[in-house]
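Number of protein chains: 2
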Amino acid sequence: MWLNKICYSFLLIFSIITNCVNSGIIDNRIDSFADAKGNCNIPSSLVEEIKGYQPIVNKIVKRALSSFAGKTWESLAELVDTFGARLAGSEILEKAIDYVIVKMKEDELENVHTENASVPHWVRGYENAELVAPFKKNLPMLGLGSTIGTPRGGIIADVIAVESFEELEKIPNENVKGKIVVFAPKWNGYGQTVQYRSSASVAAAKKGAVAALVRSITPFSIGSPHTGNQHYEDGVEKIPVACITVEDAEMILRKYRRGDNMKIHLEMADRNLPMVTSRNSIAELTGTTFKNTSVVVVSGHFDSWDVGVGAMDDGGGALISWKALTLLKQMGLRPRRTIRAILWTGEEEGSYGGQKYKKDHLANEKKEFNFFFESDIGTFEPQGLDFTGNTDAGCIFKEILNLMGPLNATEFQNTSDVGLDISWWTDKGFPGASLRNKHENYFWFHHSAGDTMAVEDPTNLDKCVALWASAAYVIADLSISMPKDLY
Amino acid sequence: MWLNKICYSFLLIFSIITNCVNSGIIDNRIDSFADAKGNCNIPSSLVEEIKGYQPIVNKIVKRALSSFAGKTWESLAELVDTFGARLAGSEILEKAIDYVIVKMKEDELENVHTENASVPHWVRGYENAELVAPFKKNLPMLGLGSTIGTPRGGIIADVIAVESFEELEKIPNENVKGKIVVFAPKWNGYGQTVQYRSSASVAAAKKGAVAALVRSITPFSIGSPHTGNQHYEDGVEKIPVACITVEDAEMILRKYRRGDNMKIHLEMADRNLPMVTSRNSIAELTGTTFKNTSVVVVSGHFDSWDVGVGAMDDGGGALISWKALTLLKQMGLRPRRTIRAILWTGEEEGSYGGQKYKKDHLANEKKEFNFFFESDIGTFEPQGLDFTGNTDAGCIFKEILNLMGPLNATEFQNTSDVGLDISWWTDKGFPGASLRNKHENYFWFHHSAGDTMAVEDPTNLDKCVALWASAAYVIADLSISMPKDLY
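Protein chains in written order, with the numbering used here: chain V, 1 to 487; chain E, 1 to 487.
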């Protein structure tokens, strides 16, 4: 009996401290979960607590793969089949947001609402590129986000082709002036290669070119162009810029190196209109204990590019965030903290929804935010979660991932990047995670006409929902907040 | 000594018989190479003779993969980079034929010439398809070969979507009248699924539809439409027909089944012009012994569809047929029979070049033709050769394939189909073979913008050339003609 009483007293003290921590009264920095080498050394009581969630995780997984099975795919299909692509600035995106708000209410999620964010309003007009000499060949292409158009009727210009910015730099300006520069960089991973999409127009304009065409940023192609965002620079003339296929870029480079004179006719009626108001879509499963004082965010972005239908980028990520809550709600599982699903807007043009959300919530509600999830790199078969945060949070997170055995998704990786929309928080020290999944072929479809329901698999989506719901639930229900070092 | 003399006498008699056979004097039907169950039982002398070619095959392979390495890819790249796609009826095809004739002469091939064949002259005009209700979505599409266009300005019509001809048949005609029928068959292999491309316009027109759109005939897609030939039927109204992407076809079918009303705006300026004269391109390595009396044909088709550049279909097949001769010529290897490379024209519209060649040569030169090779199903890594012909020829052919160990390409398969352009001969009992290669992904690129040099691998092309040259050489040099049962 006395032992029970002592235990009870400790639990009471622990609970009070935890509550204080969770209410933001005490800073929850804990240094004891790892040794100097970073090896985890979590108190056995916490390990036991986490292990105690295994039956709940098992139930979530079972439900996701039985009576809930296929529902996420169906909802995603209905969404994209009803509205198609959801480009920021478009009316159809706003209609789709209205629709998802209705649907989340139908799912009986809580505090369902939208929050405004201004987004760019770039419009793709008539676009065409054709090699007109030495032979005629249509060049499948897509103007890059924020590009200006050509004059009406287009431009016909000689072609310079290079493999890199350095190669262009070496060509005298007078040889580039008035020409179209084709960038045909080798694929060197997305992170390295995407600079050619982002900066081609500026690099070409600085040398006097009249337009730039860029190899699509993908390792594999079946003649599909891939769009994406690009940036102009103050003080540098704005010129039209588009992506062409990998195959055509390679062909043009070969021809250029053989000394073939080429002319391209490029016509683009793309234009930038004034910013418009869009909305982040938000729903919650409110916590039992720390309803207003501790929040776990699960998120994906709801907007897409205007080609394909954005089923993969990022319909899947948005849907699993929404449906993870629906699943928990239907199971009657309600954790101590609130789980908040956020479907971001305007991500593709530069995380406009994410930045606005930070602006609106960081200053006054900083201590409410416990953990951030974002899924924006595919919802293929889940393997685990990528993590960012301090060592102690990482140790707890690893332990939580051990619960994901039934999904075969226990992989953990420390990374600095867990998603753009939550980077505004994780860059400040908030812990966060992104979905680790078998996305080897993600960039095959990314920002192209191939981003459709054909990429999404019902069972994989169910597994992603189960992983998302399980991890969010455990973190939201733990007796302690996730440790963090805020900057 | 007496034994030697007897042997010599036998060899002499054998040689005389063989010569007679090869000159077409004696029918070369041999029934003794297989038992009743079809198990091969070739005379050991013939086995030894074939085995005797191993050193030559080894040399061919070695040369193809050393000093000859990369040349076929380079020639193919130069061809397709210079002329692009080579649609029958187009000026560019004729220019490319002129070019290849010059190049084959530069390679010092013999009897280099062209032979005329009339081909259809179908022209793709401006084409566009857009889902206009319930939301706007561009539908990447390609008119099918021989399709008519729409009226200027296009047609806007309601949509019917079906998975099969049977499903369409069950819909009352009055519900189809004036509508656009979308065919979204499941992929069931090319042979089965291609009927929807060939016959969609007729099936839809019979029910009163104004146009037909067909799921592209491919198992995998990244938003690419795939063109191909289609057929109108006498007495059935001609309506425009195009392929759309797999993804869009599936989406439209899902929407239709949910009861969504859809409208498509379809505009096509495609048109059929009068037939024009094109040419089969021919070159030889003339035989030492049976120069004019026994010919082994190696072939591929030189024309292509007008999307992509026809590097795979069938630039690769045409090039290995040309370069197999170049390789043998450069090595100073000249077999007893003539090896003739034929680069067919007008294959895509229905083997117009192949049919004309048969018409010009079958009646008077029947007995000259010893064996036919055709490569028109990719030039990926070679695995062996598919065969058609009588049992005895098959037995000899299997033995020849055993020589291809250095290429790891000894696989043999009996089949009825070794290629459309040589089918006019093999269907009459001439033995023939086609290239067996790792073409699992062939239809991913087939008839699409993805049919480019990116699909072709230099080393695989070299191996294909080596296999083509080796097999053709041995057959052309053997002491006996390939057995055949002509119908």
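It cannot be assumed that every hint is accurate.
Which copy? The list can't say, so a pair holds if one copy fits it or any two copies do.
[Stated by the list, open to error] Within a straight-line C-alpha distance of at most 30 Å, the following computed DSS-like cross-link-like pairs (lysine-lysine) qualify:
| hint | residue 1 | residue 2 |
| --- | --- | --- |
| 1 | 62 | 37 |
| 2 | 103 | 238 |
| 3 | 95 | 428 |
| 4 | 103 | 263 |
| 5 | 206 | 358 |
| 6 | 263 | 438 |
| 7 | 428 | 263 |
| 8 | 105 | 428 |
| 9 | 59 | 398 |
| 10 | 95 | 367 |
| 11 | 103 | 291 |
| 12 | 186 | 71 |
| 13 | 103 | 71 |
| 14 | 366 | 207 |
| 15 | 291 | 177 |
| 16 | 136 | 105 |
| 17 | 105 | 291 |
| 18 | 136 | 71 |
| 19 | 291 | 62 |
| 20 | 186 | 206 |
Simulated from the structure, these hints should not be mistaken for lab results.
Since the structure is predicted, the reported quantities are computational estimates derived from the model, not experimental observations.
Hints, verified against the model:
1. 62 with 37: For residue 62 and residue 37, neither the intra-copy (38 Å) nor the inter-copy (56 Å) Cα distance is at most 30 Å.
2. 103 with 238: neither (42 Å within a copy, 45 Å between copies)
3. 95 with 428: neither (34 Å within a copy, 64 Å between copies)
4. 103 with 263: Only across copies: residue 103 and residue 263 sit 26 Å apart there, 51 Å inside one copy, limit 30 Å.
5. 206 with 358: Close neither inside one copy (35 Å) nor across copies (60 Å); limit 30 Å.
6. 263 with 438: Neither. Shortest intra-copy (41 Å) and inter-copy (37 Å) distances fail the 30 Å Cα cut-off.
7. 428 with 263: neither (49 Å within a copy, 50 Å between copies)
8. 105 with 428: neither (32 Å within a copy, 70 Å between copies)
9. 59 with 398: Intra 20 Å, inter 59 Å, cutoff 30 Å: intra-copy only.
10. 95 with 367: So residue 95 and residue 367 fail the 30 Å test inside a copy (34 Å) and across (73 Å) alike.
11. 103 with 291: Classified as within; 23 Å inside a copy, 79 Å across copies.
12. 186 with 71: between (40 Å within a copy, 22 Å between copies)
13. 103 with 71: within (13 Å within a copy, 60 Å between copies)
14. 366 with 207: Neither. Shortest intra-copy (46 Å) and inter-copy (65 Å) distances fail the 30 Å Cα cut-off.
15. 291 with 177: neither (62 Å within a copy, 59 Å between copies)
16. 136 with 105: between (54 Å within a copy, 27 Å between copies)
17. 105 with 291: within (19 Å within a copy, 84 Å between copies)
18. 136 with 71: Result: close only across copies, 26 Å inter versus 48 Å intra.
19. 291 with 62: This pair counts as within: shortest intra-copy Cα distance 27 Å, inter-copy 75 Å.
20. 186 with 206: within (22 Å within a copy, 50 Å between copies)
Of the hints listed earlier, those the structure fails to meet are numbers 1, 2, 3, 5, 6, 7, 8, 10, 14, 15, in rising order.
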